[in-house]
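Protein chains: 4
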Amino acid sequence: MHFEREQLIRFSHCDPAGIVFFPQYFVMFNGLVEDWFDDGLGLGYANVVVQRRVGLPTVALKCDFQLPSRMGERVRLRLALQRLGRSSITLALECRRGDEVRVRLQQVLVTTALDSGRPIAIPDDVRAAIERFELAVDAPAASVGERR
Amino acid sequence: MHFEREQLIRFSHCDPAGIVFFPQYFVMFNGLVEDWFDDGLGLGYANVVVQRRVGLPTVALKCDFQLPSRMGERVRLRLALQRLGRSSITLALECRRGDEVRVRLQQVLVTTALDSGRPIAIPDDVRAAIERFELAVDAPAASVGERR
Amino acid sequence: MHFEREQLIRFSHCDPAGIVFFPQYFVMFNGLVEDWFDDGLGLGYANVVVQRRVGLPTVALKCDFQLPSRMGERVRLRLALQRLGRSSITLALECRRGDEVRVRLQQVLVTTALDSGRPIAIPDDVRAAIERFELAVDAPAASVGERR
Amino acid sequence: MHFEREQLIRFSHCDPAGIVFFPQYFVMFNGLVEDWFDDGLGLGYANVVVQRRVGLPTVALKCDFQLPSRMGERVRLRLALQRLGRSSITLALECRRGDEVRVRLQQVLVTTALDSGRPIAIPDDVRAAIERFELAVDAPAASVGERR
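Chains as they are written, first to last, in my numbering: chain Z, 1 to 148; chain V, 1 to 148; chain W, 1 to 148; chain Y, 1 to 148.
These are computed hints drawn from the structure, not numbers from a lab.
Bear in mind the structure is a predicted one, so any value in this text is a computation, not a measurement.
For every residue, glycine included, the Cβ atom is placed at its ideal position computed from N, Cα and C.
One thing to keep in mind: the hints can contain errors.
[Claimed, not checked] Cβ pair distances, simulated, as ranges: (1) Y:Q106 / V:Q82: 46 to 54 Å; (2) Y:G117 / W:R53: 40 to 48 Å; (3) Z:S116 / V:G42: 41 to 49 Å; (4) W:P123 / V:D99: 57 to 65 Å; (5) W:S87 / Z:R76: 34 to 42 Å; (6) V:Q51 / Z:A121: 53 to 61 Å.
All chains should be modelled from the sequences, with the hints used to inform the complete structure.
As structure tokens, this is what we get:
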């Protein structure tokens, strides 16, 4: 199961070589995680972070930038869950254009108390929503366009 | 041998949790690589990129964010060479405050023709400058404060 | 006549006070101008900038930040033409949430040769497309949702 | 009396035309205001914002971008006080290279309670520090390099 959306490469993403300046990919993928919380998990990212004061900092990432992306291209950003720990969420992220993989990324987030920064167990409803998202892949009749 | 400098954590680096938003670290480390070219290697980063049209895109990175950094802190950014390939430069990068490691990063850059994006061999003078920088570590009498 | 779209306020737009860091508004409005070129004028922003090498730098702006915007809010960004000069385009831009005006901005862009940075007359097809966009407002039967 | 410092134009500031992307100027000037609080006023910007929870949002600005700045240039950023209100601080800001003015900006900040966003009177010690900074200009024997 994965979650994905289109992303337009904008002028503000690009560097003097006319290609995406790589830190901007992390900003885009951060937006994808927000959209996953909003639309894929139905949790409301801002509600989790602002009202419930749950932080989701990144603690580790591994990234390959295989091909550059250029201004005006419409790429696809894709997210799949790799592992769900007690307080960590490991994601496999990709930026593609058609069959061409541009960027491949593994990113580990942890749930924290936003104000102290201390790790906390993933809240029950967040865990349940992620498990439901995962289970969808095993449902034989599923016809979600985004299935692998 | 390593190259390092101080970095003030600014308001613009920080997120709603009051800590550095992680893509900003990559912007800071990009600045450190520029300063290494300018001050550590004596090459002039802007001259290499703008006049000579040599690109230095990042093709891979691995990163651990061990502890957060907060607005107003003065951290140290540190760069050491790990490997010099035909067209790739592998760097070990760190952000520390005192003995505390905040971020540890391995980043692989490649030299490219800026306009086509194609990899090129590391230009001779760039390679020579990096080798000189490395050799400094073997000089027995060296007393550079920045030696490991 | 105006052009508008919704904008989600994301984590990456916000500062340690939990509100949009003001330079991020200019990045958002830059995206709105791109979308206006793509969808309002039918010109293809990236085509104009990248293939035709026409730059659109900002030469002046006046801005009032009336109320803050917070993470998770869906605001509306709105663009209207104020003046079309020989090589300048003056835009009135707004960020609103419902009836509440958050930001009001006047921004002057000029068309330039991207590589030299020198001002050039607005290309004929760009001028024609902007004039068509403007004339739409006088059509009595127009029922565009975005009319004032 | 003004406060100023050098700023290197970095790769990360520049757009596909190889010049500073204008929102980056506001990030740079924000850094200048921080340095003014730290070094010009002796107040500690992070202390004011983080410990004392005083916000300094921008409520208005007027800006002329007269000439572009390019990667690798060392420009000077300069700040002068224009007006001190009950809760507002109006600054005249400039980016120059030698005698060449690149950007001229008037920016109005207000002091707020960081958590509520409501305007508050400028705290007494902040007002006193700004007044001392201003008075320096009238001292006949002053020989600060940065005097007008």
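Comparing the hints with the structure gives:
no.	hint	result
1	Y:Q106 / V:Q82: 46 to 54 Å	holds (48 Å)
2	Y:G117 / W:R53: 40 to 48 Å	holds (43 Å)
3	Z:S116 / V:G42: 41 to 49 Å	holds (45 Å)
4	W:P123 / V:D99: 57 to 65 Å	holds (59 Å)
5	W:S87 / Z:R76: 34 to 42 Å	holds (37 Å)
6	V:Q51 / Z:A121: 53 to 61 Å	holds (54 Å)
Going down the numbered hints, you'll see the structure goes against none, and every one checks out.
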